[in-house]
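Participant: Chain A is fixed; fit chain B onto it per the hints.
So the protein lines, in turn, are chains A and B. For the first sequence, the numbering used here begins at 1 and goes up steadily by one. For the second sequence, the numbering used here begins at 314 and goes up steadily by one.
Derived by calculation from the structure, the hints in this document are not laboratory data. Quantities reported herein were computed from a predicted structural model and do not represent experimental measurements. Glycine included, each C-beta is placed from N, C-alpha and C at the ideal position. Take these hints with a grain of salt, some might be off.
Stated by the list, open to error - Just the calculated beta-carbon pair ranges, DEER-fashion:
id, chain 1, residue 1, chain 2, residue 2, range
1, B, Ala659, A, Met284, 47 to 55 Å
2, A, Val88, B, Asp652, 31 to 39 Å
3, B, Gln497, A, Glu299, 55 to 63 Å
4, A, Ile9, B, Asp652, 56 to 64 Å
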Amino acid sequence: MADFLINWIANVPAFAVPFALAALGLIVTEKSGVLSLGAEGFMLTGAMAGAGAFLVMGGHPFAALLVAALAAAALSLVFAAMTVTLRVNQVIAGLAIVFLAQGLTGLIAAKQGWTNRPVEGLGRLDLGPLSDLPVVGPILFSQDIVVYLTVPIFLAVTYVLSRTMVGLRLRAVGDGPDAADAAGVNVALYRYGAIMVGAALVGLAGGYLSVGVAKLWVDGMAGGRGWIAIALVIFARWQPWRALAGAVLFGGIEALIPRIAAVGLQVPQYFVLMTPYVATLAVMVWASLRAGAQNRFDEPRALGQPHLREERR
Amino acid sequence: MTQPALDLAAVSKSFDGFPALAGASFSVAAGEVHALLGENGAGKSSLMNVAAGLYRPDSGVIRVDGREVAIDGPVAAKRLGIGMVHQHYKLVKAFSAVENILLACGKGRFAGAAAVEQAIRRQAEAIGFQVDLRRPVGALSVAEQQRVEILKVLVEGARILILDEPSAVLTDKEAEALLGMMRQLAAQGAAVVLVTHKLGEVKRFADRVTVMRGGRTIATADPKARTVAELTSMIVGELVAEKRHPARDVGEPILTLEGVAGCRADGHRVLADASFALRRGEIYGIAGVGGNGQTELAEILMGVRKPVQGRIAIDGTGDVTHDGASRRRDLGLASIPADRQTYGLAGELSVADNYAVQAVRSGGLGGWMRVDGRAAQAQAATAVSAFEVQGVRGLRQKASLLSGGNAQKLVIAREFASQPRIVVAHSPSRGLDMRAAGAVHRRLREARDAGAGVLLISEDLDEVMLLSDRIGVMSGGRIVREFDTPADRQAIGTAMVHHG
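So here's chain A without its partners, still in its complex pose:
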C-alpha cells in the first residue's frame, strides 16, 4: 500500500504540470478580457512543435520546449488578430483555433514523419543523495526540470499580475477597458500581449506533454486537457494559486488511472478514463453554487467583450 501511494504521488507532478501551466496561461489571457477557448489548439500546437523540434534539432529538450511555446504564440497571433483587431466573436474564434490546430498538427506531423516516433525527451533531474531519500526522494527530488520550474513561473506571473504596473494595466483592460482607455492604456496592445504570453504558456504545457511525459507525438494527444484547463480557471476564479491547487487535484486523478490498472483492480476502463471529466463537471457545479457576493470581482468584467471606443455617446 505504501508503495502504491508513493508511486502514485510521485507521478502526480508530471500529470499536474500541463494543467497548471495551461491554466496559468489562460488566466493571463482572460485577465485581459479575452475569452480563450482555443487552449486545446495551442496545447496541440506546442506538443507537435516540441516533438518535431526535438527530432529536427538533434535532441535539445530546452530548445524543443522553447519552440513549443513560440509555435503556440505564433498561432495565437491569428487568434489575436481575429478577436482584438477584427472583433470576431471570441467563442467562435477560439473554437476555430482548436479545429485549425487539430488539422494542422496532424497534417504537418504526418508530412514530416514525426507521428508515433519516440523521442528521448526530457530526463529526470537527479539531485544526488536527495533523490535516494525514502518517501520524499521519489516524490520531491526525482522530478524533471519543468516540474521544478513551474513554481517559479507561477511566482513570476503572479508577481507581474498583482504587483506591477503592467499587471495593473492588464487587469484594467480586462475589467474596465473604457476606464483603461481613458487612463491612456493601449487596450489592443495589452490584449495582444496577454494572448501571446498566455498561448506561449499553454504551448509550453503542450510541449511538456510530448517531450517530457509521453516522449512521443500522437495525433490529438492533448486529449481534452486544454478544455479541462479552461474549467480549472473558472473553478479557480482566475486566481493562479487556486488554479495550481486545482491542477494538482486533476493531476492526482489522472495519475491514479494507470496505477489502478497496474495493481489489478477490476474497474471498467472507460469508467476510469471518464473520471477527469466527471470531476470537471462536479467542480464546475460546485464553483457556480458557491460563486457568492464576495467573489463577484474575480471574474474579469469585460471577459469576452471586444473593445470599441465610442467616440460620442
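Facilitator: The following block gives chain B in isolation, referenced to the frame of chain A:
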C-alpha cells in the same frame, strides 16, 4: 478680473456634419465656480470634452493661463492641469480606489502605490471626503464612486476642475455636500466648472453662469443678479413656460381600481388599498412623497407585478386583475415606465427594432414566421420624425445611445402608435430638460384629448399640478384625498405628508 485659468474662444466642432458646437466661448478663473447651463444637447458636455482633450475642435483657440495651447488628448489635458469628472465614471469596478488612481496617474511605478495612497488620503482629508480606499469601487455607492473620480482628478494635480452634471446621480443631501466641497476647492484656488441643467444649483453655488443653447454660448451673467425666470428664458430661448390646458370632454370611467394592494420584492406591503376611477378624456394625477406605493401601483397596472388583493376593471372588458402585460396591451393599455432604459427600451437593439416590437406582437408586420423588416424600418422612420426623436443618426443605431429625452420620446412614439385607450405614465419627465419635458407633456395631453384616460404617477408635484384634471394624493399606500383642479398646492402638500 484676473487672467482666466482656462479660456476657450470661438470653438466649433461637428460630428458627421452635425454641428455640436458653433463658435462657443467660455472662460473660468482660479478661485471661482463657473456654471455652464443649458438643456440636454445644448453642447455643454461637448465643449468641456474639448477642454479635457477628448474631442479635437474643428476650429477655435484654447488658452491656459493666457498661453495658447493645443490639447491633443486626455494626457495633454492632464499635463495642463485640466481634470474632468465625466457623467459616466471611468473606473475599473474590480479595482480599489487606490488601484484606480494608480492606473490613471500612470507615470509612477507600482512600487509607488503606498505613496499614492498617502497622497489620496491627504487629499481626501483636505476636502473632507470619506471613502473606503481599499474596497473594489464596484462595491461602493454611486456617490462614493464619484468621490473616487474627483480624488483621482485632484491627485493628478488638476487646478482646473470640470464636473459634468455631478448631481444627476446623487440624492439631495449628497449633492449638497458635493457642491459645498466644490466651493471649498474654489476657495483654495481651483478653477471649477459646473456643468448642469439645474437652476437651483446655479443660483446657490455659482459665481458666474454661462448659458449655452444650440452649440453657442448665449450669455454670461451673475446668477445672483438674475431671476429664475430670466435664466429660464436664456436657456430655452423663445419658449414660454407651459400653461395648464384643462380637459374639455370627460366621459365615463374606463379604468376602475377597488382596494388594490401590492407588495415590494421583499414582501413588505407598500400598496395597501388603492381605489379610484380613471375617466375617459381626463388626466388623473397621483401625487405623493416617493415610496408610498406609487412604484408598485404603476407596476401592477402595467402588468409586471401581481396584486395581492383587490380588483382592477377596464370598461367594456370587465375584470383584468389577473391578466398579464400582453393582454392588457391588447385591451388598449399603454405604459410609460419610470426606468425607460430598463423597462421601456432594449438598449442593445436598434431604434427601429425597439419601435417595431409593438407591431410585431400584434401581427402588424407579418405573421409568426416572417417579419417585414422594410415595413418596420419605414414605420420607425415615420414615428421618429412625427414624435421629433432627435439624435437618431440612423435607425440601426443602438437605442441606449439616445439621450434621456429622446429615449422617452421613442417609448411614447411606440406606446401611442396603436391609439391607446388608457395610458399609465410613471414619472415620464424624470431627468429630462424643460423642452423635452414639455414635449412629453404635450403628447400626454394629446392622448387625453383623443379620448384616452391618462394616469400620471409622479413625484414631481409641479408636473402633477400642471397636467392633471383631477389629483389623487397617495400616502401610506392609499389614495387619501382627491382634488379637482385647479387645486390648492398647499392643501395637496398637507395631504401628502399627513396620513389623511
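Participant: Now tell me, hint by hint, if it's right for this structure.
Facilitator: Hint check results:
no.: 1; hint: Ala659/B with Met284/A: 47 to 55 Å; verdict: violated, 30 Å
no.: 2; hint: Val88/A with Asp652/B: 31 to 39 Å; verdict: holds, 34 Å
no.: 3; hint: Gln497/B with Glu299/A: 55 to 63 Å; verdict: violated, 39 Å
no.: 4; hint: Ile9/A with Asp652/B: 56 to 64 Å; verdict: holds, 58 Å
The structure fails hints 1 and 3 (numbered hints given earlier, in ascending order).
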